[in-house]
Amino acid sequence: MSKPSDLVQGTLDLLLLKILALQPMNGWAISLRLKSISGDVLQVSEGSLYPALHKLEQEGWITAEWKQTENNRRAKFYSLTRLGRQHLEKEAANWSRLSAAISHVVRLEEA
Amino acid sequence: MGPQHWLYTIPLRLRSVFRSRRVEQELNEELQFHLEQKIEEGIANGLSPKEARYAAMRSMNGLEQQKEEIRDTRRIHWLTDFFDDARFAIRSLSRTPGLTAFVVITLALGIGMTSGTFSMVDALIFRPYPVPHASGVMTLASTTHDSSFDNFSYREYLDIRGKTKSYDGVIANADMEAVGFSDEPTATPRIKGGMLVSANYFRVLGVEPRLGRGFREDEDQVPGRDAVMVLGPDFWKQEFASDPSVLGRHIRLNGTDFTVIGVAPETFPGMLIFGHPDFYMPLAMARVFSTDRQKNFFEDRDDRELAVRARLKPGTTLEQAQNELAVLAKNFETDYPKFNRNRGAAVHTQFELRTRTDDGNWKFGVIFMILALAVLLVACTNVAGLLLSRARSRTREIAVRLAIGAGRFRLIRLLLTESLILASLGGLVGIGIGYSIVLWFQSFQNVIFMTDLPFSIPFRMDTRVLLASLALSAFSALLCGLVPALQSTRVDLVNGLKSADVDVPGRKRLWGRNVLVVAQVSASLMLLTASFLMVRGFQHDLREGTGFAKDHLLMVSFDPRLVQYNAAQTQQFYKLLAERVREAPEVQSEALTQNIPLGTDDFDGIAFVPDGFQMPRDRENFNSTMDTVDEGYFGTMGIPILRGRGFLASDTAEAPRVAIVNEQFAKHYWPGEDAVGKHIRLDSRAGTPAEIVGVAQSIKYQNTSEKPMDFVYMPLAQHPIARMTLMLRSSGDPLQLVQRVKDVLRTLDPNLPMLHTMAYEDYYQNQAVEGPRIAMKLVGSMGTVGLLLAIAGLYGLVAYNVSRRTREIGIRMALGAASSDVLRLVMGKGLVLVGIGAAIGVVMGFGVEQLMNSMLFNAGGVDVLAYVIVVPSLFLVTMLAAYVPARRASRIAPTQALRYE
Numbered sequence: 375m376s377k378p379s380d381l382v383q384g385t386l387d388l389l390l391l392k393i394l395a396l397q398p399m400n401g402w403a404i405s406l407r408l409k410s411i412s413g414d415v416l417q418v419s420e421g422s423l424y425p426a427l428h429k430l431e432q433e434g435w436i437t438a439e440w441k442q443t444e445n446n447r448r449a450k451f452y453s454l455t456r457l458g459r460q461h462l463e464k465e466a467a468n469w470s471r472l473s474a475a476i477s478h479v480v481r482l483e484e485a
Numbered sequence: 013m014g015p016q017h018w019l020y021t022i023p024l025r026l027r028s029v030f031r032s033r034r035v036e037q038e039l040n041e042e043l044q045f046h047l048e049q050k051i052e053e054g055i056a057n058g059l060s061p062k063e064a065r066y067a068a069m070r071s072m073n074g075l076e077q078q079k080e081e082i083r084d085t086r087r088i089h090w091l092t093d094f095f096d097d098a099r100f101a102i103r104s105l106s107r108t109p110g111l112t113a114f115v116v117i118t119l120a121l122g123i124g125m126t127s128g129t130f131s132m133v134d135a136l137i138f139r140p141y142p143v144p145h146a147s148g149v150m151t152l153a154s155t156t157h158d159s160s161f162d163n164f165s166y167r168e169y170l171d172i173r174g175k176t177k178s179y180d181g182v183i184a185n186a187d188m189e190a191v192g193f194s195d196e197p198t199a200t201p202r203i204k205g206g207m208l209v210s211a212n213y214f215r216v217l218g219v220e221p222r223l224g225r226g227f228r229e230d231e232d233q234v235p236g237r238d239a240v241m242v243l244g245p246d247f248w249k250q251e252f253a254s255d256p257s258v259l260g261r262h263i264r265l266n267g268t269d270f271t272v273i274g275v276a277p278e279t280f281p282g283m284l285i286f287g288h289p290d291f292y293m294p295l296a297m298a299r300v301f302s303t304d305r306q307k308n309f310f311e312d313r314d315d316r317e318l319a320v321r322a323r324l325k326p327g328t329t330l331e332q333a334q335n336e337l338a339v340l341a342k343n344f345e346t347d348y349p350k351f352n353r354n355r356g357a358a359v360h361t362q363f364e365l366r367t368r369t370d371d372g373n374w375k376f377g378v379i380f381m382i383l384a385l386a387v388l389l390v391a392c393t394n395v396a397g398l399l400l401s402r403a404r405s406r407t408r409e410i411a412v413r414l415a416i417g418a419g420r421f422r423l424i425r426l427l428l429t430e431s432l433i434l435a436s437l438g439g440l441v442g443i444g445i446g447y448s449i450v451l452w453f454q455s456f457q458n459v460i461f462m463t464d465l466p467f468s469i470p471f472r473m474d475t476r477v478l479l480a481s482l483a484l485s486a487f488s489a490l491l492c493g494l495v496p497a498l499q500s501t502r503v504d505l506v507n508g509l510k511s512a513d514v515d516v517p518g519r520k521r522l523w524g525r526n527v528l529v530v531a532q533v534s535a536s537l538m539l540l541t542a543s544f545l546m547v548r549g550f551q552h553d554l555r556e557g558t559g560f561a562k563d564h565l566l567m568v569s570f571d572p573r574l575v576q577y578n579a580a581q582t583q584q585f586y587k588l589l590a591e592r593v594r595e596a597p598e599v600q601s602e603a604l605t606q607n608i609p610l611g612t613d614d615f616d617g618i619a620f621v622p623d624g625f626q627m628p629r630d631r632e633n634f635n636s637t638m639d640t641v642d643e644g645y646f647g648t649m650g651i652p653i654l655r656g657r658g659f660l661a662s663d664t665a666e667a668p669r670v671a672i673v674n675e676q677f678a679k680h681y682w683p684g685e686d687a688v689g690k691h692i693r694l695d696s697r698a699g700t701p702a703e704i705v706g707v708a709q710s711i712k713y714q715n716t717s718e719k720p721m722d723f724v725y726m727p728l729a730q731h732p733i734a735r736m737t738l739m740l741r742s743s744g745d746p747l748q749l750v751q752r753v754k755d756v757l758r759t760l761d762p763n764l765p766m767l768h769t770m771a772y773e774d775y776y777q778n779q780a781v782e783g784p785r786i787a788m789k790l791v792g793s794m795g796t797v798g799l800l801l802a803i804a805g806l807y808g809l810v811a812y813n814v815s816r817r818t819r820e821i822g823i824r825m826a827l828g829a830a831s832s833d834v835l836r837l838v839m840g841k842g843l844v845l846v847g848i849g850a851a852i853g854v855v856m857g858f859g860v861e862q863l864m865n866s867m868l869f870n871a872g873g874v875d876v877l878a879y880v881i882v883v884p885s886l887f888l889v890t891m892l893a894a895y896v897p898a899r900r901a902s903r904i905a906p907t908q909a910l911r912y913e
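Chains A and B supply the protein sequences, listed in that same order.
One point on numbering: in my numbering, the residue at position 43 of the first sequence is 417, and numbering is uninterrupted.
One point on numbering: in my numbering, the residue at position 442 of the second sequence is 454, and numbering is uninterrupted.
Think of the hints as simulated: they come from the structure by calculation, not from any bench.
Hints are all accurate, no fakes.
Simulated pairs of lysine-lysine, DSS-like, Cα-Cα distance not exceeding 25 Å:
no., chain 1, residue 1, chain 2, residue 2
1, B, Lys79, A, Lys429
2, A, Lys441, A, Lys392
3, B, Lys325, B, Lys177
4, A, Lys409, B, Lys79
5, A, Lys392, A, Lys409
6, A, Lys429, A, Lys464
7, A, Lys441, B, Lys79
8, B, Lys325, B, Lys342
9, B, Lys587, B, Lys754
A partial selection of chain A residues facing chain B, derived with a Cβ cut-off under 8 Å:
no., residue
10, Trp402
11, Pro425
12, Lys429
13, Thr455
Just a sample of chain B residues kept apart from chain A, beta carbon distances all over 12 Å, derived:
no., residue
14, Tyr141
15, Phe247
16, Asp255
17, Asn335
18, Phe351
19, Asp371
20, Leu423
21, Val441
22, Ala486
23, Asp755
24, Leu835
25, Gly859
26, Phe887
27, Pro906
Please read all numbers here as calculations on a predicted model, not as lab measurements.
Note that the Cβ used here is the ideal one computed from N, Cα and C, for glycine as well.
Start from the sequences, fold in the hints, and give me the full structure.
See the structure below:
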């Protein structure tokens, strides 16, 4: 993996929570969705996807369920828990604050 | 993380632990699904199936690595690792069943002895009062030069209660007393233990009656008005079969009818260690019970019969309470100089109360505890030695593990798990041993408490002791496992892998072993010395004798207060009793005494000022223990009068006051002079003078190990006491006199019960001989166990050394060493270690001896004989233990030894 595509520590969690907030999904679908919504800017290594998902599950923020996919195969679908939704809200707010602050600083330097 | 968080995570963790196979399978499926999707995507993009597969695998960063990473997120690693370690440990331990059994038994002995004695120390010192928030309950005590645990008088109690602000309630109780009890008016009273308490007693302690109610304030205000009582839980069960209709019933106590208003709960057997009051009465009813006849309980400020306790207010410090009470005591001193001069007051915690210096029981407990810990130490060092040799024979296994990448910490954990399992097994068996020790203690219930009052042995195997035993097991696991684990994981990989049993030269790794042997020998020497000293101490006490004749004596106690005699009736009763029993032909002589020597009750104290003795500036008077006796006492008990005379019938209430002192007293106050003819003034300089008419030989008064003490005798006629014990010297079996006494009593008052009727010699056997014998047995068995373990340990060490050096010995012998050289070689080292251990052990023995002398025995100085016997015998025995394997080494045939591998 090349450096630029590495995600800032902790942001992968935020992305995953946000994606799952939209609808329950299996791991494969999540990886596709990640790629499509963020273009090539945010490339998530498939090697770090599953550990991240399992960590979120163990934290109690998402929960998993075995279901049939559209083409009739069994897959593990993740969905957000109530606790996860709270956490997402908090993290999203944090993120906005942080990115706003950073953008502000970056603009200052340009001026 | 709130409870909500746990709601999600706990089921997941549990699932990871208990359904681990299922969880693993799901993980596989999940990753497999992803992989297949990826491959399909690759094929759709035009790759060959094989290429697509490679590409997919590459992008997943290695499947196994991912799985491992995911497993880590479950955070149960430590647990699954522990299970793995435990499984492995059990498997490897069951491969050496003999060693495992030996280790478990060794640890069990150490842990069992310690937990058994801990049950004793816990009951005597640490167990909190059976009330809620027990740590807030303080004991307030009046203090003098001689005692920091004196009682308060009723008046003083009222003042403390009214004038202190540090407490949520101040309570008082008198001693548990013998009370004549009958549930029907006509029945002869039986003796039960009753306790006078203040009305707020149960409320302040936080004890909710199980039935009915506690005392109301107004029931404790007017002396003699409210005859109400609360039953103790055991008494209610035994006497009334837990009948709830007992409430409102009238019960006769000492001839007065009392109404039962409540029953204390099962959880509250009382505040005493040994005694469990049968019932409680309000202080206002004191006149019915055994308070001092010559004083007015409700008025006299020096009638100090109440133990005062108080519940500290939250937020108030002990120091604030101390200061407050000290100020109050100062005020007492100024306001009532007659009663309170040189008298202070102190607030004591429960711990301070339980470890008061004038009580011997807890000291025995502490000494037993120290000895038991020494046994545990020997056991643990023994096991550590064994584990060390075991780990050494696994050098290669450990080297391999380290070589393929196991962390050292991980290996130490594995080895510690092994010793934890051993210690847990040892702990379980040990708890069994501890429990049997507790049962053994309890089997002496009737031997130790030869009294009608409800006393019991408080040693129990309860949750506290169980927890302590478990903690001990964990502690011993660490103690005996850590050193071997640290040492055996410090392996030189190159050498370790080369041969199965390398002998790494270097002093470092042997050092641990040597320390173990030295610790073992010294601890067991200390144990042996202590047990030897204790046995010798008791023997010394018993051989020294008591100073009076114990045989052919019958004792019977009476308390005419039980049938409401007044002072005059009481005196008349004793006069007639003595006269009439004397008429019986088998009765050689008769005596009356307030306390029997070596009895369970404490002697009264007497305050006095000796004539012609320069009083120190800060003292108002001196104190001494005393007894009230009649004119037959010295003759009947065979106590020689050394100078002057004994009491005579002419020493009546109207005659001048007289007293007899013991030799110790005479020497103390009039050294080199004749005490006969001197006077002591009672209470103070201005008090009534009593002439000393005789000096009696000193005897043992309270226990056989006491130091010589001052003692004063007062004649019964001049110092009337209600509760007295009749002593009869018979020509034959003293118990045959019981019928005589009964006959006489019938002519005097058939309602008066006979208390504590028994032959004095039986009583003495149980009280003075049996108790020490129990202690000797306990200490003796500790010493034996310690020695046996030390022998086993030393034997193991030498045997192990021999087997390790078989090849070397073979070479030496092949080169011409004689078998005596080999013997010297092998044993020399052991001898040095035993020598060092013995030296340390002797020093520790001195320490324990000092401790025992200061706490228990009157024998001062060093008991040289103990060391002369113990040290060489320990040497002899340990040398024998070393000799057996050493001899085997010296018989090694070189050809065989060299073919060893």
